[in-house]
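Colleague: Protein sequences appear in the order of chains A and B.
Residue 192 in numbering that gives the first Met the number 0 sits at position 193 of the first sequence, with consecutive numbering throughout.
Residue 461 in numbering that gives the first Met the number 0 sits at position 462 of the second sequence, with consecutive numbering throughout.
Be a bit skeptical, because a hint or two may be false.
Because identical chains cannot be distinguished in the list, a pair is counted as satisfied if it fits within a single copy or across any two copies.
[Stated by the list, open to error] DSS-like mimics (lysine-lysine), calculated; alpha carbons at most 25 Å apart, straight line: (1) K205 <-> K96; (2) K453 <-> K35; (3) K453 <-> K484; (4) K112 <-> K35; (5) K499 <-> K186; (6) K54 <-> K9; (7) K153 <-> K386.
Hints are computed from structural coordinates only; laboratory data are not their basis.
2 protein chains.
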Amino acid sequence: MSATTIENFKALVKRMKQLEEATALMFWDLRTGTPKKGVEQRSEVVGMLSGDQFKLSVSEEMGRYLAELTQPDVLETLDEITRASVLERKKEYDRSKKIPPQKYQDFVVLTSKAEYAWQEAKAKNDFESFRPHLEKIVDTVREFIELWGYDENKYDTLLDQYEPGMTVAKIDAIFAPLRERTVALVKKISEREQVRRDFLNQEFPKADQRKFCEFILTQLGYDFEAGRLDESAHPFAIGLNPGDVRITTRFNPNDMQSSLFGTIHECGHAMYEQNISKDLIGTFLATGTSMGIHESQSRFWENMIGRSREFWSRYYDDLKARFPQQFEGVSVDEFYDAINLVEPSLIRVDADELTYNLHIMIRYEIEKDLINGNIAVADLPRIWNEKMEEYLGIRPENDTTGVLQDIHWAGGSFGYFASYSLGNIYSAQFQAAIARAIPDYREKVAAGDTSELKQWLIENVYRYGKSRQPAQIIFDATGEEINPKYLIEYLETKYESIYKI
Amino acid sequence: MSATTIENFKALVKRMKQLEEATALMFWDLRTGTPKKGVEQRSEVVGMLSGDQFKLSVSEEMGRYLAELTQPDVLETLDEITRASVLERKKEYDRSKKIPPQKYQDFVVLTSKAEYAWQEAKAKNDFESFRPHLEKIVDTVREFIELWGYDENKYDTLLDQYEPGMTVAKIDAIFAPLRERTVALVKKISEREQVRRDFLNQEFPKADQRKFCEFILTQLGYDFEAGRLDESAHPFAIGLNPGDVRITTRFNPNDMQSSLFGTIHECGHAMYEQNISKDLIGTFLATGTSMGIHESQSRFWENMIGRSREFWSRYYDDLKARFPQQFEGVSVDEFYDAINLVEPSLIRVDADELTYNLHIMIRYEIEKDLINGNIAVADLPRIWNEKMEEYLGIRPENDTTGVLQDIHWAGGSFGYFASYSLGNIYSAQFQAAIARAIPDYREKVAAGDTSELKQWLIENVYRYGKSRQPAQIIFDATGEEINPKYLIEYLETKYESIYKI
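Given these sequences and hints, build the entire structure.
Modeller: Following this line, the structure appears as structure tokens:
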């Protein structure tokens, strides 16, 4: 009896994954080159297939399989992958089933309208016009939390969506020292002489940028037989299946940084997905285990490798050979300093490695208070600006470059932002573990050999996909729970050196 | 009651079309750039979605709707599009339902194996190893014909799949004069001095070929807001929806003809699909009405426009500007002659405009006799070579360049080949009608203005999609039934001029 149920469950999950793959290809195509006049029709097809997938995820059939397979005596007989797959689907099923379909439908409509209103409001610096939309969204999210349930803190339920097991209590404890030390470091840096970066803003022909990006991708171990590089307005990585993980970038003709580091960032996401165990194909475990662990990989490769001294001691000559005029008379040290320039700025997505976490903390603190009803939507512009001044020492002149800058809240995404900083924290913790396992890994990076490094990540992180929880991966790979000290040490060491503090 | 059935029928058909669109995008991606390691998994997704579509097409639900909607008293109350859509689906339903699922499944397996065996046989010039596969395929196709039923000639049932309403009786009558006059003309040409074409086989940088192709596409009226140009090993056009009709080409660095005329050919197919009435979206009428009419458009634009004197009197200077060295000292007349060079050759896909139809007739005659049991598979190599000698005056030295050259039979496609020549015949008939409607259309082509021409085709052919049968389109557009005299006259006038006969 159970054997048939297992097979039926697997077949149903596989079918959902196939629907997801077809939808993902359409999504990729929409972002990289669907002809304008075909978009409307294509969007309907995306809607139909993703609707099918959702219906299967909460179907009576799925409910029956899950009820049987999650019986303790059945669950313990399942192999590790099947058990993880069952539990993953059960969590999704319960979460979706707790929201009445009409309420969810209303929320989709609400956020669609809100995204449009947000665009208008941002363009016109008019928070008031967006406020009623955001109020409704926050109210609905709070209703959802009541339906989903929560233990300690209402906001935990939202965090858990993106970072399973993460809580306000944990993040508060992690972010506090990081915030304190970062604010202090940023202040010290502001008192030092700023580094040069004028040479980064010259003309860099797109075709040359592309060739250099392709070269670096190959050097880092991105597998072009299991992926491709395309262009899109907003760079992303997308895993259609582990044999087809695509990345996109955008080429700014006056700035080679954005394509280069954007590409390395997406390469980190993509290498994670390319190296998930083939045993997980056909299940929803064939993806990254959480937003934070995913982000740890994009940040690790972008910042800890791609913005390291060792990396450029190896590749700066290649860069100069590709752009001889642009880097004439610029030393590798000057280049290294330039790509690591620290400067408090208003916009999160343009922030440097150090100040980035402060942008995240502002959002995290606001979300936490909003969801717990401690502050009101109407107060957001004031609170935002106060926190910017407190943490970064600058104050937005308007809401367009302040509280209105991100689309996330208009889309109803609360609980997501923290993942970015969790990713940075994880990445430094992984780096410390790598340094213990491969003591000469820096010399290897300087020799252009990242293969052993990548292999460590495959064995300790990538291959598991979502079959293990983030906390387990961190503990098994690094020997301890999430710990911000590695990131703090890394940032202080790096930036004290650059700014001669 | 019927109103609900109509809505349900439309929704079901729309859903099938959406599945088809998702599958088509995956097909396009597989041909243009799916990473190698992602192909196997992607193919499974294609199989799942196209299987879903097929199941819906023969579902009990579809059967119920069709039974009700095809009642004469109901049918006559339907609007024109819905009626055409119902009849189109009914034809597919009946055709599919008549083949027992297991028999169809076996045929799919048989042809998959046969395609593999054909590849081997072609590579090794070993017809005998392919013979048993082809025998089984022919036997199965003949069984299918018995299940489908037929009126006059068994082969009619196969022709009807690709060219609704076409029969052996009609084609025999059409092909006979075309064959006779073509054979005579080819013989005369062989006695004249051959034209030059050495200058076409030089180095043509790929990027320049691409730019010229894009220029010509825009000039002809291909809408890049409703399509895109990519590369693939075998060029094709694919209509995902009327707002997204993509074409592909291949760039041979030593031959600008293949990309240029290949692109114009696919442009003809694509302009047809781009200009189908938006009213047909969501039905299976939103495509070309038949293979023959589709091919008439690729051939019309490729040969009657793209290989015309008028066209090059306008664009040869642009071509020379793009490739000044390659065409130095080559006059427009020499260029025109070169792209229209006639020479009997062994391979259909490389054949010139004139001899191409003879290649088709050989295949048509063989298929007709095979299906009617007048010849045996074992006789094919001999018959093939005899016909090549009779019609083209050349004899293949082996089966690789003879009877084994095409994949069609290995895939079980019988009845398809005739469409290519029917397309040529239709295209000349359309051209004659255009000459009556727009007497100065040649001057307009010479002035680079094909818009009126295209508009005539939109109004008389494209907009109807599959909502009208090919015979009706031909009759309404040209005032008569299919008539080979226009193609014969066109070919004789054109080639007698080039070869000074």
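Colleague: Compare the structure with each hint and give your call.
Modeller: We went through each hint and held it up to the structure:
Taking the closest pair of Cα atoms, K205 and K96 never come within 25 Å of each other, the shortest separation being 48 Å inside a single copy and 55 Å across copies. With identical chains, the CA atoms of K453 and K35 are at most 25 Å apart between copies only, with a shortest distance of 22 Å across copies and 39 Å within one. Taking CA atoms no more than 25 Å apart as the test, K453 paired with K484 passes inside one copy only; the shortest distance there is 23 Å, against 70 Å between copies. Taking identical chains as interchangeable, the C-alpha atoms of K112 and K35 lie at most 25 Å apart only when both belong to the same chain, with a minimum of 22 Å there against 41 Å between chains.
In this homomeric assembly, K499 and K186 come within 25 Å of each other (Cα to Cα) only inside a single copy, at 14 Å, whereas the closest approach across copies is 88 Å. With identical chains, the CA atoms of K54 and K9 are at most 25 Å apart both within one copy (16 Å) and between copies (21 Å). When the C-alpha separation of K153 and K386 is checked against a cutoff of 25 Å, the pair qualifies only within one copy, where the shortest distance is 23 Å, while the shortest distance between copies is 82 Å.
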